[in-house]
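Just need the whole structure built from these sequences, with the hints factored in.
Number of protein chains: 2
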Amino acid sequence: MSNEQQPPKRPNPRVLSGFRDFLPAQMRVRQQVTGMLRDIFERFGYEPLDTPTLEAIEVLQGKIGQDEKLLYRFTDHGGREVGMRYDLTIPLARVVAMHANDLVLPFKRYHMGPVWRADRPQRGRFREFWQCDADVVGTKSVIADAEGVAIYNAVLAGCGFTDYAIRVNHRAVLAALAPYAGLPDTDAVTLIRAIDKLDKIGPEGVKGEMMERGIPERAAERVLELVGFTGANDAVLAQMNGLLADIPAAQAGLDDLARLFDYAAALGVPEGKALVFPALARGLDYYTGPVFETYVPEGGVGSLGGGGRYDQLIGALGGRDLPATGISVGLERLLVVMEERGMAGATESVTQALVAILPNDDPRHALALATELRAGGIRAEVTLDPKRNLMQQFTYAERKGIPYVLIAGSDERAANTATVRTLATRAQQQIPRADLAATLHRLLNG
Amino acid sequence: MSNEQQPPKRPNPRVLSGFRDFLPAQMRVRQQVTGMLRDIFERFGYEPLDTPTLEAIEVLQGKIGQDEKLLYRFTDHGGREVGMRYDLTIPLARVVAMHANDLVLPFKRYHMGPVWRADRPQRGRFREFWQCDADVVGTKSVIADAEGVAIYNAVLAGCGFTDYAIRVNHRAVLAALAPYAGLPDTDAVTLIRAIDKLDKIGPEGVKGEMMERGIPERAAERVLELVGFTGANDAVLAQMNGLLADIPAAQAGLDDLARLFDYAAALGVPEGKALVFPALARGLDYYTGPVFETYVPEGGVGSLGGGGRYDQLIGALGGRDLPATGISVGLERLLVVMEERGMAGATESVTQALVAILPNDDPRHALALATELRAGGIRAEVTLDPKRNLMQQFTYAERKGIPYVLIAGSDERAANTATVRTLATRAQQQIPRADLAATLHRLLNG
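Quick mapping for you: the protein sequence lines, in order, are chains A and B.
Heads up: the first sequence begins at 10 in the numbering used here, then just goes up one per residue.
Heads up: the second sequence begins at 10 in the numbering used here, then just goes up one per residue.
Derived by calculation from the structure, the hints in this document are not laboratory data.
Everything numeric in this text was worked out from a predicted model, so none of it was measured.
Treat the hints with care, since some could be wrong.
Any copy will do: because identical chains look the same in the list, a pair fits if it lies in one copy or spans two.
25 Å max Cα-Cα, derived PhoX-like pairs, lysine-lysine [as the list claims (entries may be wrong)]: (1) Lys206 <-> Lys282; (2) Lys216 <-> Lys206; (3) Lys72 <-> Lys206; (4) Lys409 <-> Lys149; (5) Lys149 <-> Lys282; (6) Lys149 <-> Lys396.
Listed below in structure tokens is the structure:
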């Protein structure tokens, strides 16, 4: 220890682990994708909802299960126990409970926003991340389930994917696995956990896992037969119908699926994009009817979101006891995938044209030109340090990714024109002032 | 105390005091206004930025002043002291510090999002509220200050205000009050606090307050003379110039203002909407150059936001030592005012047309019609409970504020048409199927 006083150590500015800044280039992509999601949700008649970041702890606790330890919680200035929003479903249940009398049912809402989980950060997993949910509360109609599938289809096609499918199954099919295999219901979880790995470890692997956990070989084979059908939806459903003829609940579930596929087709989902997938195993605790999951086979993308019908949950979470169905789009994963695959097209600057200020010129000429461009719908900025020479202004525009620079010196002003420089090609053209915005729109869309 | 066990009391679902749900009708207005702000910011070439909700406490503390007690702070699962975002300026300084080498300067960014303060909730003041900031970091150009004024003008005009003004002053004018009145600089704060009340208590009130605080009458009168000029900007600036001829810093400030008004005019700010207002007193600690504040006299609206140049702050907050200027739009207050004055026009449903399902009809006909409308850019929903009769479906649409109901029974389908019912008038017309989307767009825009 030294007696000399150290200067106070100035901490390096940093971002907490699991949290992120979104710089403009990333924000542009996020805005593009969330804008597309909003547009799709609204085309299907879903209305926007937002809820607070902090909730009274009793709204959250007891409703998350074993992951409740991931809840960010603290005591606020008034001694209240509060928690940060963990998902968008618990707030939906609370809103439905609080506004029971003034919400028109069915209540179709979408909600896009951050949620917080004190999870271990890893690649593609964050402590602050966005969820984008669309749900319908207050109807048992299979049309609502089919809308979920149709929305996924619109989202995946809208993002530019071509090799995707929406896999569809039914809770009743999962519940029928044990009785169909002649096993007690207590084996259901074992069976479902095993078939969930069909994609990864194949039928032999699944059979091995089931047998390791004490499922008799013959029963394991029956389960694999049931979940292994592939082909057109009609054919798969017919084959399953035959096998499950003795289980009425399963029959009703298969009827739901048949109608769901009919409705999805009427909602514009192309042939082959919504597929019955009897091995799709989503939360038995949660879902009560049709379940779905997006699947993009190429490049190990996997699932970009899932959903389904959850007729018990809104009541269990403190809402009114109302049936519900919905989907969730995994925005963070979707963005990672789009970036990796070069599908995100919005990485350039917001600014479409930089209006140069010639050294020693009166800046008002450039400001007036920028104002005309803005009135014409062009996102324009002016050079903010007029001492920069023209070459420096070109360099600034290039570094920022601004595609065009406009110059209107005394010659151009006398001729009532401006010079448009395309930075990528260094080509310059003189354009009549009145045509500038239209010309730029054409160049930008070309 | 009774031995009988009470059933566990189920807490009423509730929202924490100072926090709010935004139901669809409110969200629609918020989206409309934030969408307009985004559009305006981007037209001026400001790029989007977002930062985390939680920051390491050392990023926040020591930078807020006496209101630091309003910071929501807690210890996270890893034992880190963290705080919730208090404003959007501290994160900007941190981003500038962390990305010093890859940001292109000047860095023009806008940031719209919630901030959190454990303040006493009251009318129009919340613990979670949005700020909408646009700032430029890395330039001393007065053009950047003028852009702030031009953005305010675009925002206020865009919101439908006509009776607004953007009041403009300069830090150097405020700093000149004491020397001009022959007083020591230690009196500056007293003078500034007093003139800040000119609107409320008038010149006599201000004079009284100054004298109560020990300012000699003659000095108080000199201050009031200086800040009391009204009229055209040129005339006011000329008169102030005359009075402050002996104070070079004030002269430089008045020069800045003259250029600022010239540039604002070139940026499309109409005559009379940007006004020199020498009594405008904004934070002496914070601002270093031009300062501005919006002012809407009608109906006691007051200010909807302010801003100015703060050349010392980014460095003081831990960023690089860079000049900066910017504005902040008070979204919550703006929305309250627009609602009170009936200026918010987006309160109807997202859904533009409900496609009815006739009882006992195959829902696929309605689903296919809705799909055609969506492809034509209409936000359409279908009735989700096909057992409802037509009158019930009309009632549902009316309660939700959906303006049109479409019906395509077997007659319409045979004629390749659909019936469009306008709920407000109960008028019905049969429209060829191919013209439906165009007809609805025309009706919606009429």
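Hint-by-hint comparison with the structure:
Taking CA atoms no more than 25 Å apart as the test, Lys206 paired with Lys282 passes inside one copy only; the shortest distance there is 21 Å, against 67 Å between copies. Taking identical chains as interchangeable, the C-alpha atoms of Lys216 and Lys206 lie at most 25 Å apart only when both belong to the same chain, with a minimum of 10 Å there against 81 Å between chains. Taking the shortest Cα distances, Lys72 and Lys206 never come within 25 Å of each other, neither inside one copy (27 Å) nor across copies (52 Å). When the C-alpha separation of Lys409 and Lys149 is checked against a cutoff of 25 Å, the pair qualifies only between copies, where the shortest distance is 20 Å, while the shortest distance within a copy is 51 Å.
With identical chains, the CA atoms of Lys149 and Lys282 are at most 25 Å apart within one copy only, with a shortest distance of 24 Å there and 56 Å across copies. In this homomeric assembly, Lys149 and Lys396 come within 25 Å of each other (Cα to Cα) only across copies, at 12 Å, whereas the closest approach inside a single copy is 67 Å.
When each numbered hint is compared with the structure, a violation occurs for hint 3 only.
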